Every structure is written in C-alpha cells, then in structure tokens.
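Student: Sequence:
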Amino acid sequence: GVVMDLQLADSSSQQSEGLAIDWISRTMFYVGRDEDREEGSCIYAARLDGTGVARVRCAAGLVRGLLVLPPLGLLAWHSLQLENGSETVQVASMDGTSLRTVHTVKRSSSEDPTLISCLSSNSDWSNPNIFWVNKRSPSVEGYSLRTHTPIPALHLGNTTALTAYRSMLYFANFSLGAGAIYRLELSEELAGEAVAVRTTSQEVISLAVYDPGLQEGSNGCTDDNGGCEQLCMPVNSSTSRCMCTIGYHVSA
Numbered sequence: 001g002v003v004m005d006l007q008l009a010d011s012s013s014q015q016s017e018g019l020a021i022d023w024i025s026r027t028m029f030y031v032g033r034d035e036d037r038e039e040g041s042c043i044y045a046a047r048l049d050g051t052g053v054a055r056v057r058c059a060a061g062l063v064r065g066l067l068v069l070p071p072l073g074l075l076a077w078h079s080l081q082l083e084n085g086s087e088t089v090q091v092a093s094m095d096g097t098s099l100r101t102v103h104t105v106k107r108s109s110s111e112d113p114t115l116i117s118c119l120s121s122n123s124d125w126s127n128p129n130i131f132w133v134n135k136r137s138p139s140v141e142g143y144s145l146r147t148h149t150p151i152p153a154l155h156l157g158n159t160t161a162l163t164a165y166r167s168m169l170y171f172a173n174f175s176l177g178a179g180a181i182y183r184l185e186l187s188e189e190l191a192g193e194a195v196a197v198r199t200t201s202q203e204v205i206s207l208a209v210y211d212p213g214l215q216e217g218s219n220g221c222t223d224d225n226g227g228c229e230q231l232c233m234p235v236n237s238s239t240s241r242c243m244c245t246i247g248y249h250v251s252a
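Under my numbering, the first residue of the sequence shown carries the number 1, and numbering increases by one thereafter.
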C-alpha cells in the first residue's frame, strides 16, 4: 500500500470531517470550511494528488460524514445545523445538484451534539441502500435509493460502529467493558439474527470492509474522463458534467 500526506485546499478537520473517493473518475471528495459562514462547511472535489480543487456544494451546517456512490452518480452526507438544532441525511448528484433530504432529526439542547453517525452504503448497485446510527433510539436506520423510501429501523443496542456490505450489515456493540462485532443478513423486511464474528474488550469506533469487488461499475466519466479537461462529475448512472477547478470556467 501507499500512504499519502496531502495538504488539501480549504480543508479544516476542526470544523468538519469527511473524505470519499470516486474510483471511476479518480476524484477525491472532501469537506472543508465555508469561507462565508463561520459555522458552515463545503464539499470539495480534487484529483487524487490534491490538485485541481473544485467547490461542489456548500451545506447549511457542518458536514460530519461523506459517501460517494459513483456507479449511481450520487453523493450522500450527514449535516449538523447548529442554528436550529437539527441533523439531516442528504443525497445529491455528484456535481452537487438535485439535492434532497432523506432524513431529519431534531435535537434538544440537553442531547449529545451529534445524534447521527456511521453513514454507510451497501455498495449493491442493483438495490442500493444507505444506513446510519441514530443514537437517540438507539437504532440503525436506512433509506432505499431504489424505492426512495425509509428502511424500517433496527434496534441493535448501543451501536458504536457500522458498515454495510452488499446483503450484510456489520455493526459493533459495547457496554460495561465488553463488546462484539456482529454480522446481520439483510432482507426485504430486514429480518434475521445477528451473529457475533468477534468479541472485544475495547470499544470499536469504526468498521470497514475492503473488497476489490466493491470498486466496480461505470458511469458517464468512465471513458476518456467524460470528455472533460479537468474534473468529470457523474450526475446519474450514464451522464456526467464537466466541472472546472476554482478560478476556471467551462467555455461556452
């Protein structure tokens, strides 16, 4: 493997967090500060070496998670609005257009500053879903990108980490100094029994599945960078839009 240490323009780990890679167009998406608002953040795109930065979209709040679904041309994130005490899960095309909010939760002043965490996708492009942890319930909730409907909540205890992998959901629980990582088979009704795959004496805070088969698929940027000189942004499974880096404009 190769470790890269990049200085990304407008990035700020103190105000926001999020990093995702479009393996088809070889574009990196990350979250950085919004220069116009103190408590805001923007989603940026750049080449994998950190050059050629373009501003994709500025969010109405702090972005705390970022997902890309390149074969679908979709981008998803979790946003925290400090002004009205709400948290949202939002989905848009990868050029930042066609924004829609798929989940909203209102937070009281006495609650944890972040109620939503662990945003994840199952990478099943024929039946794509996104999932997240709602710490208030506590439960695992989700949204179907195929039917555009919520997925029934799963009450899985004190879930500290979560990742989806095709028809499987992996999650970690921790309580009173003991915990475990579980695997749950997903179905249309989200039925099934969780199976422990590993026990742990420490709290698991992040889970990921690494499989070359997850980085497959094609979109409008597959061939010749979509005909773009700079950044190519897929807007659905077959079409794309050219986006210029900051300081440049698309010629007429």
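Incorrect hints may appear among the rest.
What follows is a list of derived Cβ distance ranges for each label pair [as the list claims (entries may be wrong)]:
| # | residue 1 | residue 2 | range |
| --- | --- | --- | --- |
| 1 | Asn236 | Glu83 | 16 to 26 Å |
| 2 | Leu176 | Asp211 | 32 to 42 Å |
| 3 | Thr101 | Ala178 | 29 to 39 Å |
| 4 | Ala196 | Ile246 | 44 to 54 Å |
| 5 | Thr239 | Arg146 | 11 to 21 Å |
| 6 | Ala180 | Arg136 | 21 to 31 Å |
| 7 | Asp224 | Ala178 | 20 to 30 Å |
Dumping the calculated DMTMM-like pairs for lysine to aspartate or glutamate here, alpha-carbon to alpha-carbon at most 20 Å [stated by the list, open to error]:
| # | residue 1 | residue 2 |
| --- | --- | --- |
| 8 | Lys135 | Glu35 |
| 9 | Lys135 | Glu17 |
| 10 | Lys106 | Asp49 |
| 11 | Lys106 | Glu83 |
Derived from the structure by calculation, the hints contain no laboratory data. Here the structure is a predicted model, which means the values were calculated and not measured. Positions of the beta carbon are idealized from the N, C-alpha and C atoms, including for glycine.
Student: Which earlier hints can't be squared with this structure?
Tutor: Of the numbered hints given earlier, those the structure breaks are 1, 7, 8, 10, listed in rising order.
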